[in-house]
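Please work from the sequences and hints to get the whole structure.
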Amino acid sequence: DAGVIQSPRHEVTEMGQEVTLRCKPISGHDYLFWYRQTMMRGLELLIYFNNNVPIDDSGMPEDRFSAKMPNASFSTLKIQPSEPRDSAVYFCASSLSRGSGNTIYFGEGSWLTVV
Amino acid sequence: SQKIEQNSEALNIQEGKTATLTCNYTNYSPAYLQWYRQDPGRGPVFLLLIRENEKEKRKERLKVTFDTTLKQSLFHITASQPADSATYLCALDGSNTGKLIFGQGTTLQVKP
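Quick note, the sequences are listed as chains B and E, same order. With my numbering applied, the first sequence has no gaps in its numbers, which climb one by one up to 115 at the end. With my numbering applied, the second sequence has no gaps in its numbers, which climb one by one up to 227 at the end.
Because the hints were derived from the structure by calculation, they are not lab data. Treat each hint with caution, since some may be false.
No farther apart than 25 Å at their CA atoms in a straight line, the calculated lysine-lysine pairs in the PhoX-like style are these [claimed, not checked]:
#1 Lys186(E) - Lys172(E)
#2 Lys186(E) - Lys170(E)
#3 Lys68(B) - Lys78(B)
#4 Lys24(B) - Lys78(B)
#5 Lys78(B) - Lys214(E)
#6 Lys68(B) - Lys214(E)
#7 Lys24(B) - Lys214(E)
Far from chain E by the CB rule (all over 12 Å, computed), these chain B residues [said to hold, decoys possible]:
#8 Pro8
#9 Glu14
#10 Met15
#11 Glu18
#12 Thr20
#13 Asn52
#14 Phe65
#15 Asn71
#16 Phe74
#17 Pro81
Here are some, though not all, of the chain B residues that point toward chain E, as calculated from beta-carbon distances under 10 Å [what the hints assert, rightly or not]:
#18 Gln37
#19 Arg41
#20 Leu43
#21 Tyr48
#22 Phe91
#23 Ala93
#24 Ser97
#25 Thr103
#26 Ile104
#27 Tyr105
Where a beta carbon is used, it is the ideal one built from N, C-alpha and C, also for glycine.
Shown next as structure tokens:
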């Protein structure tokens with residue numbers, strides 16, 4: 001399997017612009033997670049889906065952030081409008097529910113810089 | 116409040132020694148705890164999972180312990196090598212719903 005695929009790998013954008021990050025989970029996985037990683041706050045869970053349905057979005061920082069999962073093989077995380085404090089690495093991850101103990105597989109991340 | 120705490124200071128050890136990393140948690144009752152490795156510029160990679168009814172788990176040079184009374188997990192790398200240098204993250208599912216929460220990670224530097 002190709003693993004979790006994220007795009008773009010790097011993005012530099014100007015404050016106020018819309019940013020869309022994309023993710024293709026591992027085929028057959030029914031959980032999808034969006035995490036954000038910064039030096040100050042570490043790895044934070046933003047939102048996760050189970051069978052394409054958002055289960056918990058309590059980590060989404062504010063209304064400027066939105067995430068969708070239109071089908072089992074694709075998800076987007078959108079920031080509109082972007083701000084410099086959104087600069088971070090955004091990771092998408094997926095897992096296969098197997099009872100207790102779901103191992104999460106991460107993509108390589110999307111490195112976002114908002115100037 | 117709920118917290119997962121790992122030593123934020125980097126751990127520097129000599130090649131061949133045993134590295135021990137600590138993960139403490141507060142106000143969680145996880146059914147299991149996981150450890151991940153993250154290299155610079157890469158996503159975290161799963162290493163080991165230990166369940167609440169397991170005291171210890173081993174995989175090659177890695178060993179994890181889980182003490183639900185102390186609310187602590189220890190992660191050991193024996194006979195450490197420079198290639199083990201990375202950041203190690205612990206994670207747990209505090210609500211047993213599949214929502215995995217991570218500690219800040221501890222950076223390990225193994226010197227030759």
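Hint by hint, here is what the structure shows:
no.: 1; hint: Lys186(E) - Lys172(E); in the structure: 16 Å, holds
no.: 2; hint: Lys186(E) - Lys170(E); in the structure: 12 Å, holds
no.: 3; hint: Lys68(B) - Lys78(B); in the structure: 9 Å, holds
no.: 4; hint: Lys24(B) - Lys78(B); in the structure: 15 Å, holds
no.: 5; hint: Lys78(B) - Lys214(E); in the structure: 21 Å, holds
no.: 6; hint: Lys68(B) - Lys214(E); in the structure: 17 Å, holds
no.: 7; hint: Lys24(B) - Lys214(E); in the structure: 19 Å, holds
no.: 8; hint: Pro8; in the structure: 15 Å, holds
no.: 9; hint: Glu14; in the structure: 24 Å, holds
no.: 10; hint: Met15; in the structure: 25 Å, holds
no.: 11; hint: Glu18; in the structure: 24 Å, holds
no.: 12; hint: Thr20; in the structure: 19 Å, holds
no.: 13; hint: Asn52; in the structure: 14 Å, holds
no.: 14; hint: Phe65; in the structure: 17 Å, holds
no.: 15; hint: Asn71; in the structure: 20 Å, holds
no.: 16; hint: Phe74; in the structure: 18 Å, holds
no.: 17; hint: Pro81; in the structure: 27 Å, holds
no.: 18; hint: Gln37; in the structure: 9 Å, holds
no.: 19; hint: Arg41; in the structure: 8 Å, holds
no.: 20; hint: Leu43; in the structure: 4 Å, holds
no.: 21; hint: Tyr48; in the structure: 6 Å, holds
no.: 22; hint: Phe91; in the structure: 5 Å, holds
no.: 23; hint: Ala93; in the structure: 7 Å, holds
no.: 24; hint: Ser97; in the structure: 7 Å, holds
no.: 25; hint: Thr103; in the structure: 5 Å, holds
no.: 26; hint: Ile104; in the structure: 6 Å, holds
no.: 27; hint: Tyr105; in the structure: 7 Å, holds
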